[in-house]
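> In the order they appear, the protein sequences are chains A and B. With the first letter of the first sequence counted as 1, position 22 gets the number 21 in numbering that gives the first Met the number 0; the numbers rise by one all the way through. With the first letter of the second sequence counted as 1, position 143 gets the number 142 in numbering that gives the first Met the number 0; the numbers rise by one all the way through.
Do not rely on the hints blindly, as some may be mistaken.
[Unchecked claim] Only some residues are given here: those of chain B computed to face chain A with a beta carbon under 10 Å:
| hint | residue |
| --- | --- |
| 1 | Asp303 |
| 2 | Glu306 |
| 3 | Asp315 |
| 4 | His336 |
| 5 | Val343 |
| 6 | Arg383 |
[Claimed, not checked] The following label-pair restraints were derived from C-beta to C-beta distances:
| hint | chain 1 | residue 1 | chain 2 | residue 2 | range |
| --- | --- | --- | --- | --- | --- |
| 7 | B | Thr239 | A | His296 | 50 to 60 Å |
| 8 | A | Glu277 | B | Asp283 | 33 to 43 Å |
| 9 | B | Asp283 | A | His255 | 21 to 31 Å |
| 10 | A | Gly198 | B | Gly44 | 49 to 59 Å |
| 11 | B | Lys209 | A | Asp59 | 22 to 32 Å |
| 12 | B | Gly228 | A | Thr166 | 49 to 59 Å |
| 13 | B | Gly382 | A | Glu125 | 23 to 33 Å |
Hints are computed from structural coordinates only; laboratory data are not their basis. Built from N, CA and C at the ideal position, the CB exists for glycine as well.
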Amino acid sequence: MKVLVALSGGVDSSVAAAELIDGGHDVVGITMRLWGGESDTGCCSVADVDDARRVAQQLDIDHLVFNFSDDFNRHVVDPYVQAHSRGLTPNPCIECNRHLKFDRLSERADLLGFDAIATGHHARIETVDHRYFVHRGADSAKDQSYVVHMLPQRELRRTLFPVGHMTKAEVRDHAAALGLRTAEKPDSQDVCFITHTGGRETFLGARIPFRPAKVVDADGSVLGDVAAIEMVTLGQRRGIGLPGGGPKRYVTGIDHDSLTVVVGDENDLYTDALSVGEIVWADQPYVGEVMVQCSAHGAATPALLQDDVVHWRIPQRRVAPGQSVVFFDPTDRYVLGGAIAR
Amino acid sequence: MGGRSLRAVHDGFTYLDHAATTPMRAEAVEAMLPFLTEQFANPSGSHRFARQVRKSIDEARDDVADVLGCRPGEVIFTSGGTEADNTAIFGTLDRHGGLALCSAVEHHAVLHAVEARHGRVIGVDHAGRIDLEQLATALEGVAVVSVMSVNNEVGTITDLAEVVAVVRRSAPEAVVHTDAVQAACWLDLRTITPHADLMALSAHKFGGPKGVGVLVSRGRAAIAPMLIGGGQERERRSGTHNVAGIIALAVALRATDNERADENVRVAALRDALVDGLRAELDDIHETVDRAFKIAGSAHICIDGIENEALLYLLDEAGVCASAASSCASGAMEPSHVLAAMGVPNERARGALRLTLGRTTTSADVARATTAIVDSVRRLRAGRAA
Chain A
0 MKVLVALSGG VDSSVAAAEL IDGGHDVVGI TMRLWGGESD TGCCSVADVD DARRVAQQLD
60 IDHLVFNFSD DFNRHVVDPY VQAHSRGLTP NPCIECNRHL KFDRLSERAD LLGFDAIATG
120 HHARIETVDH RYFVHRGADS AKDQSYVVHM LPQRELRRTL FPVGHMTKAE VRDHAAALGL
180 RTAEKPDSQD VCFITHTGGR ETFLGARIPF RPAKVVDADG SVLGDVAAIE MVTLGQRRGI
240 GLPGGGPKRY VTGIDHDSLT VVVGDENDLY TDALSVGEIV WADQPYVGEV MVQCSAHGAA
300 TPALLQDDVV HWRIPQRRVA PGQSVVFFDP TDRYVLGGAI AR
Chain B
0 MGGRSLRAVH DGFTYLDHAA TTPMRAEAVE AMLPFLTEQF ANPSGSHRFA RQVRKSIDEA
60 RDDVADVLGC RPGEVIFTSG GTEADNTAIF GTLDRHGGLA LCSAVEHHAV LHAVEARHGR
120 VIGVDHAGRI DLEQLATALE GVAVVSVMSV NNEVGTITDL AEVVAVVRRS APEAVVHTDA
180 VQAACWLDLR TITPHADLMA LSAHKFGGPK GVGVLVSRGR AAIAPMLIGG GQERERRSGT
240 HNVAGIIALA VALRATDNER ADENVRVAAL RDALVDGLRA ELDDIHETVD RAFKIAGSAH
300 ICIDGIENEA LLYLLDEAGV CASAASSCAS GAMEPSHVLA AMGVPNERAR GALRLTLGRT
360 TTSADVARAT TAIVDSVRRL RAGRAA
């Protein structure tokens, strides 16, 4: 097959390319330029493009750079910023996968005559009853099925995750054996357009007005205040302007209209049900028993999914609105679909 | 050597990116070889080996001055076009103070230098020519005006005499710099030099090697050096001479000058055949600048309904080397500042394609490129519609 592999400049996609070549595919590497602004991490710094190009050279495949920065701003950065001003906590890496890697890039690949696109995600695509589903990666500690949960059949059919069957250690060993310069490169952890030095606060502060809010308890008694309600997330414990020493207090409610942050104890965070929207399915819509994962590295917990409500088997902490909620099959092996917490 | 081996390597490929760089002339390669072997001495030395090399550099300088129509003492050898442009801007400001000004379509070597010193940027018309009225009103406090002789993206020729007249009227003290990097193959440089105080050239654009260029400094120009040290180039540019590069530059420039008139006729016919061929086969193609305002080697078109990133991939696959706008440090294509300044809408600029012809371009290249572009555009448009 003719395969376009997305090379981020990291070790996983490097080895993904090598695996494809080993598999006899006709491989071309591509690095997406996504973020044009300041960056010190993530997928689009010039140093990472250098790494990607050098890996491609070492593997003797062509390497291209596509500039998708307009699309990235439109589909990832702008919505990320707007979501914060509406009190949501979005996951930009998932939106990047949804709109850039598995839409813009796969469409481009199709146009250029590629049969498939590949990435270095730790996940597997396998069939169940002749339909394709994202399965968890072999390395449970590195499993990334959560962040690629949004793939529909059309994309699943033409997507390859060549390192999904490997552990991270095996990936690094393989890269080292091939002499790839990315073998020892640390994993990227953070949002690529937010710098370590400035952080989320500096990034958002330059783009949306911050509004101060009062911090109250469940009875409405004012306990303090915060400078920016846009920076407050459900379940947050630190940085909400309360003196230390007292009982542990968590953010249990955020009201952007009245500019109020409600705090309570941990029990107040627990709930029987989670309401979701913007549901996407890998195949057919599903109702019934599921395992539900609400963060990239969180454990899945059992629930009954009925339309747009997740009924927890055991009460769970509330999920910040805007977060991705991913539904796995009852055996917790593969993705049925996903949604956004309301 | 040279010509034949080039053909052998590139058989089956069509190179239409001569504005990015053009193959070295065989005579230039040959001329530089002795200076990479037996003629190894440092020309600044005081022994016989040094004197021999010094003589060759001085002869090269005489040759360059002759082709440019200036005095040898006005020729400063640099590491290339970017250093020459940077030195023209920074060197003038450092010497005299004041502001820098340039057109909005300058090469980044000028534009970014002017912006770095918080200078003024003047708009252009739909063909990429500087707005003379705006220029006339923006000259107060300006020490250096930089307007390119030929635009590297769209090929527009500047009437430098016209620009200089405006500058002299409103700012008689200001010096005029011109980036003539894209002019060398197509315009008689003797017609440009008299108008400019400073002029930049780059050897690899006219069949010389990469890493060597010229800054002409004459008339009102007086520049502070950017590189200080051994005091070479009359203390205007320190650093041991790139001897082989300088020798090859002079040989390539002379040969280019000798062939220029014939090449202009030959290449203009090829360019016309290319663009007319594409227009005959494909709808919704727009020539960015009227050919009457352009150099012969430049074809710049905007193709509706396609993205040039995708088109360049298919052309590359078909063995046709072309380009769009300039690339950023990552190698990603950047939206063209030139097209934006000319008022080309974003949507149209996404389909921009720059095809630049040169000395090695043949009618077979034109035929192959035409077929490849037509096929690729049809395929991309069909994919879009699907």
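> Determine for every hint whether it applies to the structure shown.
Verification of the hints:
no.	hint	in the structure
1	Asp303	violated, 16 Å
2	Glu306	holds, 8 Å
3	Asp315	holds, 8 Å
4	His336	violated, 14 Å
5	Val343	violated, 16 Å
6	Arg383	holds, 7 Å
7	Thr239/B - His296/A: 50 to 60 Å	holds, 57 Å
8	Glu277/A - Asp283/B: 33 to 43 Å	holds, 37 Å
9	Asp283/B - His255/A: 21 to 31 Å	violated, 47 Å
10	Gly198/A - Gly44/B: 49 to 59 Å	holds, 57 Å
11	Lys209/B - Asp59/A: 22 to 32 Å	holds, 25 Å
12	Gly228/B - Thr166/A: 49 to 59 Å	holds, 55 Å
13	Gly382/B - Glu125/A: 23 to 33 Å	holds, 29 Å
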